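**Q** The lines below spell out each chain.
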Amino acid sequence: MFRQLPNYLSTGNDVFSPALNPVTELFDRHPLDVASYLEAYWDRRLPQSSFSPGTGGLSAPPLGHPNNRSEEDSLPLSRLPLPNGEALFGFVNRSSPPSLGGFLRWDHLIYAYMIENTRVYEIFRRVVHEYRHGEKLGAPIDASTQNWLRITEELFYSDTAPFLITNVASHIRSDLRASRRNAYQRMFGMDLNHGGEDGKPYPYIKAEAANSEFVATFEEFLREVWVGITYVGATASSNPTDDSKISELAEKMHDMLRSRRQSGNLSREEYAFVAMMSWFHMTLELDSPILRSLRADATGVENRLFQIAGRVGLPAHGLSKSFFDIADPISRLLIQIELGTYNDATAVRALYDRDSFPTGPESDMRSIITHWTAITGRDVKARKVATN
Amino acid sequence: MAKNEQTTQKAAGAEALDANSQALIAALTAAILSSRQNAAPPDQDATDAAAEYAEIKGALRTFGEPFNSASSGFPRRNAKAQEY
Numbered sequence: 553m554f555r556q557l558p559n560y561l562s563t564g565n566d567v568f569s570p571a572l573n574p575v576t577e578l579f580d581r582h583p584l585d586v587a588s589y590l591e592a593y594w595d596r597r598l599p600q601s602s603f604s605p606g607t608g609g610l611s612a613p614p615l616g617h618p619n620n621r622s623e624e625d626s627l628p629l630s631r632l633p634l635p636n637g638e639a640l641f642g643f644v645n646r647s648s649p650p651s652l653g654g655f656l657r658w659d660h661l662i663y664a665y666m667i668e669n670t671r672v673y674e675i676f677r678r679v680v681h682e683y684r685h686g687e688k689l690g691a692p693i694d695a696s697t698q699n700w701l702r703i704t705e706e707l708f709y710s711d712t713a714p715f716l717i718t719n720v721a722s723h724i725r726s727d728l729r730a731s732r733r734n735a736y737q738r739m740f741g742m743d744l745n746h747g748g749e750d751g752k753p754y755p756y757i758k759a760e761a762a763n764s765e766f767v768a769t770f771e772e773f774l775r776e777v778w779v780g781i782t783y784v785g786a787t788a789s790s791n792p793t794d795d796s797k798i799s800e801l802a803e804k805m806h807d808m809l810r811s812r813r814q815s816g817n818l819s820r821e822e823y824a825f826v827a828m829m830s831w832f833h834m835t836l837e838l839d840s841p842i843l844r845s846l847r848a849d850a851t852g853v854e855n856r857l858f859q860i861a862g863r864v865g866l867p868a869h870g871l872s873k874s875f876f877d878i879a880d881p882i883s884r885l886l887i888q889i890e891l892g893t894y895n896d897a898t899a900v901r902a903l904y905d906r907d908s909f910p911t912g913p914e915s916d917m918r919s920i921i922t923h924w925t926a927i928t929g930r931d932v933k934a935r936k937v938a939t940n
Numbered sequence: 007m008a009k010n011e012q013t014t015q016k017a018a019g020a021e022a023l024d025a026n027s028q029a030l031i032a033a034l035t036a037a038i039l040s041s042r043q044n045a046a047p048p049d050q051d052a053t054d055a056a057a058e059y060a061e062i063k064g065a066l067r068t069f070g071e072p073f074n075s076a077s078s079g080f081p082r083r084n085a086k087a088q089e090y
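In the order they appear, the protein sequences are chains A and B. Here our numbering is used: the first residue of the first sequence is 553, the next is one more, and so on. Here our numbering is used: the first residue of the second sequence is 7, the next is one more, and so on.
Bound-form chain A, shown alone (with noise of 0.2 Å):
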């Protein structure tokens, strides 16, 4: 969410002119002009009453959809407005510039796993520990890392305030970590590959109801795409490329994911964690405050993060880079999935076609099924042996 801001927030309401210019403009921003900004992000998702991609002009999409992820409002402009006249743009398509009129979205909460698997949260968390309980790392070198700090401490490592659309944290629920863990349990049946800083598993409600087969058919799902696009020239051999099981697989996925959407489930907080991975991932890749006073100024975002975590004593994972590299384009296949896109046969071709379709995702598939097979230790690329 953070990282796509920038494209969108402009200085008036005429013509799209950049707010965030340079975009590290937004680490300046009081927490809660940053807070203004989360809630008038969700304000401008799918459907707008202006704009409706795929409705056809009917009604809107069912709740828990891509193009209608919640009907729940957050605080209106009136009331939490935006600064000094700034003014939040949407995308209309590819070949248009941002709009008044246009719509947003936010990754998947796959994207929030990824990014959180390389364990920067716990990383910024003994940053912001260390910073606020002593000089262990030095003083923070100027206004604007004071400013990092305190929006940071502000929005997430605290209670959010309550009425905003990212407050997902209460009596019942007081744990953000063990919130974000059930999540991706319920959606992913997935776990964190961390646990707790004393490295014990990390304690946190599992739901009954939980896409505990996710895994398998994505593994699967990415092996026979990975035949189409071995497969997808070949002229002199046979074809083994089976569009029926990979729209199957596909369907598998949509119905698993949309269950666990029904009405306008895990939006919020999806949106919520989503946001604040964005955050440190956006940290990262840009010349942002902290990393000065960190001396953080290797190249690439997880060298950055290991070069943090080795200040703070917590080591980052070492498969980072595929964590990194992996989080945007999982997060635009599953929603693409959720939209039931693939659930027809025919429409399976552009996943590993690149020649007749080449604005595809056939080469987001490469890099998913890479760092897939880097991440988890189990190579999709290989056949499966039948055995007698």
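Honestly, I wouldn't trust all of these hints.
[As the list claims (entries may be wrong)] Stretch by stretch, here's where chain B covers chain A in the computed footprint (C-beta under 8 Å, at least three residues):
#1 555-565
#2 637-647
#3 767-775
#4 875-886
[To be verified] A short, non-exhaustive set of chain B residues, derived as facing chain A with CB atoms under 8 Å:
#5 Ala-33
#6 Asp-49
#7 Thr-53
#8 Glu-58
#9 Tyr-59
#10 Ala-60
#11 Glu-61
#12 Lys-63
#13 Gly-64
Hints listed in this document are in silico derivations from the structure and should not be mistaken for laboratory results. All of these numbers come straight from a predicted model, not from anything done at the bench. Using N, Cα and C, we set each Cβ at its ideal position, and we do this for glycine too.
Got chain A; can you put chain B on it based on the hints?
**A** Relative to chain A, chain B alone:
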């Protein structure tokens, strides 16, 4: 001998194709080319799926990515490095 000069030599004893053989090869080549040109267009459903994917990708374009980018799926990782 020039650097890129064709050096392939006709094999000893090989003879040029007769007129019938040449006509046959020409006919086969024309048939192959024609079949490629008349091949059925990609499935409309797959075309729509690819377009839809590009729209999702466009809506989720992150800062620094060029507008209307139909680039590869590899994420930009070195925004900071590019600033230097």
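**Q** Would the hint on B:Lys-63 be counted as holding, given a Cβ-Cβ threshold of 8 Å to chain A?
**A** holds (6 Å)
**Q** Please verify the coverage claim for the segment 555-565 of chain A: does it have three or more residues whose C-beta sits within 8 Å of some C-beta in chain B?
**A** holds (count 5)
**Q** With a cut-off of 8 Å on the beta carbons, see whether B:Ala-33 makes it to chain A.
**A** Constraint on B:Ala-33 not satisfied, violated at 20 Å.
**Q** Hold the hint about B:Glu-61 up to the distance rule: shortest CB distance to chain A must be less than 8 Å.
**A** holds (6 Å)
**Q** Once the shortest beta carbon distance from B:Ala-60 to chain A is found, is it less than 8 Å?
**A** holds (4 Å)
**Q** Quick check: the segment 875-886 of chain A, covered by chain B? Criterion 3+ residues, Cβ under 8 Å.
**A** holds (count 7)
**Q** Is the interface hint satisfied for B:Gly-64? The criterion is a beta-carbon contact with chain A at less than 8 Å.
**A** Hint on B:Gly-64: holds, closest Cβ of chain A at ~4 Å, below 8 Å.
**Q** Hint validation: B:Glu-58 versus chain A, beta carbon distance must be below 8 Å. Holds or violated?
**A** holds (6 Å)
**Q** Holds or violated: the segment 767-775 of chain A covered by chain B, criterion of 3 or more residues with Cβ-Cβ distance under 8 Å?
**A** violated (count 0)
**Q** Just to make sure I understand the rule, a stretch counts as covered if three or more of its residues have a C-beta closer than 8 Å to a C-beta of the chain. Does the segment 637-647 of chain A meet that for chain B?
**A** holds (count 4)
**Q** Minimum Cβ distance from B:Thr-53 to chain A below 8 Å?
**A** Given a least distance of 7 Å, the restraint on B:Thr-53 holds.
**Q** Regarding the hint that B:Tyr-59 lies at the interface with chain A, is the smallest CB-CB distance below 8 Å?
**A** holds (5 Å)
Checked against the numbered hints given earlier, this structure breaks hints 3 and 5; the rest are met.
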